[in-house]
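From first to last, the protein sequence lines are chains L and H.
FYI, in the numbering used here the residues of the first sequence are 1 to 116.
FYI, in the numbering used here the residues of the second sequence are 1 to 246.
Think of the hints as simulated: they come from the structure by calculation, not from any bench.
The reader is advised that the hints may include incorrect statements.
What the hints assert, rightly or not - In silico contact screen, one side only, chain H against chain L (beta carbon under 8 Å); selected entries:
| # | residue |
| --- | --- |
| 1 | Leu17 |
| 2 | Ala51 |
| 3 | Asn91 |
| 4 | Pro93 |
| 5 | Glu98 |
| 6 | Arg132 |
| 7 | Leu141 |
| 8 | Ala161 |
| 9 | Ala162 |
| 10 | Tyr180 |
| 11 | Tyr187 |
| 12 | Tyr202 |
| 13 | Ala206 |
| 14 | Ser239 |
| 15 | His242 |
Claimed, not checked - Pairs of lysine to aspartate or glutamate residues, derived as EDC-like cross-links and limited to a Cα-Cα distance of at most 20 Å, are as follows:
| # | chain 1 | residue 1 | chain 2 | residue 2 |
| --- | --- | --- | --- | --- |
| 16 | H | Lys60 | L | Asp27 |
| 17 | H | Lys159 | H | Asp128 |
| 18 | H | Lys38 | H | Glu98 |
| 19 | H | Lys159 | H | Glu98 |
| 20 | H | Lys221 | L | Asp27 |
| 21 | H | Lys158 | H | Glu168 |
| 22 | H | Lys38 | H | Glu22 |
| 23 | H | Lys158 | H | Glu98 |
| 24 | H | Lys60 | L | Asp45 |
Positions of the beta carbon are idealized from the N, C-alpha and C atoms, including for glycine.
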Amino acid sequence: MLRESMKIEGQGVDLAGLTRGSSAGVDVPQAAELVEFVEAVVARDAQRTARVRARLRSGLGEAGLVDAAAITAAFHGFVRIADATGIPYTTAAGGRDVPELREEAGINEFYRVRDA
Amino acid sequence: MSAVSFAGADLPIRDDLLEAHERAWAAIARPGTWLTGKQRGAAAAEIRHAAGCALCARIKAALSPNAVPGTHDSMGELPPAEVELVHRVVNDPGRLSESWLQSVLARGLSDGEYVEIVGLIAMVMVLDTCHRALGLAERALPAPVAGEPSRYRPAGAKKIAAWLPLVEPEDATEADGPMYPSPKAGYIYRGLSLVPQSLRDYWALANEHYLPGQYVYQFDKSIRAISRPQTEILAARVSSMHQCVY
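Using the sequences plus the hints, can you model the full thing?
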């Protein structure tokens with residue numbers, strides 16, 4: 001989804017870097033803050049979340065911050081449904097998630113470990 | 001704790017987001033398909049409680065999630081199989097397996113109950129995470145609504161593609177009620193389809209947080225207050241931190 005949306009804007013993205021938590025290869029405004037926001041929320045780190053929330057409020061605006069929180073929350077549900085029901089990941093992203101892309105993003109590594 | 005979603009927020013909360021939260025909590029409190037309102041409320045409380053479980057922390061840190069002995073720190077309201085389901089899905093969803101799922105079912109949980117609880121976990125995680133991300137306290141759990149579960153099982157449910165039976169779009173019947181935004185709905189939409197009401201409740205909530213189905217593949221537009229690439233950066237990082245392709 002990220003790669004497709006970046007393509008529309010004529011940009012590329014370092015998916016492997018993003019998978020590891022680096023926003024260096026992502027030319028999107030506030031990319032570093034968005035990544036840090038997710039990491040703080042997933043870690044349930046209230047102080048870190050508050051710090052990056054203040055930066056996002058300034059960078060994205062109040063409505064943007066609300067949507068960033070809502071989208072971050074949404075994926076806390078999607079991942080649990082996907083992982084708890086064992087739906088086939090090869091059909092993720094409407095089939096746009098081709099094998100080469102999964103390898104590039106490091107996703108296959110997750111499954112190699114899990115299925116070992 | 002407040003009995004209203006987004007209480008104390010000093011940000012402009014979208015009306016549709018606020019309404020989605022209130023509808024979701026009302027749905028959680030009602031009798032479901034296989035569980036009563038009281039059982040669903042107990043599951044919601046356990047979902048919140050699970051985050052502090054010491055056994056789950058050891059499992060998460062272990063090389064293999066199946067080699068850690070111990071007992072979950074539970075509230076004592078749910079049977080052990082439901083506690084195991086709630087705790088593992090909340091705390092370590094990226095390392096679940098079909099054999100683990102079968103071990104949970106073998107302890108006396110039906111596949112319908114399993115799916116209904118997964119739907120509750122997903123909903124409570126979305127609701128509470130949204131509050132936490134905005135620096136807000138958790139909303140108080142609603143009082144359970146009395147009544148009997150519907151015990152509805154879709155006639156077209158089949159175990160083919162996933163660990164559990166799903167209703168493929170072409171097998172959905174009128175009796176199932178509306179389930180999919182399109183006949184090509186991806187598997188993420190189908191995951192809860194063994195319990196159609198859970199599917200509807202979850203997606204009514206999720207659509208107001210991420211994107212309704214008709215916008216998901218429209219990469220050139222954003223209906224949110226951030227751009228589509230910004231949206232997908234959030235999505236990708238949450239997914240990778242959970243070791244999930246979605």
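Structure-based check of all given hints:
no. : hint                 : result
1   : Leu17                : 6 Å, holds
2   : Ala51                : 7 Å, holds
3   : Asn91                : 10 Å, violated
4   : Pro93                : 4 Å, holds
5   : Glu98                : 6 Å, holds
6   : Arg132               : 6 Å, holds
7   : Leu141               : 17 Å, violated
8   : Ala161               : 5 Å, holds
9   : Ala162               : 5 Å, holds
10  : Tyr180               : 13 Å, violated
11  : Tyr187               : 4 Å, holds
12  : Tyr202               : 7 Å, holds
13  : Ala206               : 5 Å, holds
14  : Ser239               : 6 Å, holds
15  : His242               : 4 Å, holds
16  : H:Lys60 to L:Asp27   : 33 Å, violated
17  : H:Lys159 to H:Asp128 : 32 Å, violated
18  : H:Lys38 to H:Glu98   : 29 Å, violated
19  : H:Lys159 to H:Glu98  : 12 Å, holds
20  : H:Lys221 to L:Asp27  : 18 Å, holds
21  : H:Lys158 to H:Glu168 : 8 Å, holds
22  : H:Lys38 to H:Glu22   : 18 Å, holds
23  : H:Lys158 to H:Glu98  : 16 Å, holds
24  : H:Lys60 to L:Asp45   : 17 Å, holds
Comparing the model with each numbered hint stated earlier shows that hints 3, 7, 10, 16, 17 and 18 do not hold.
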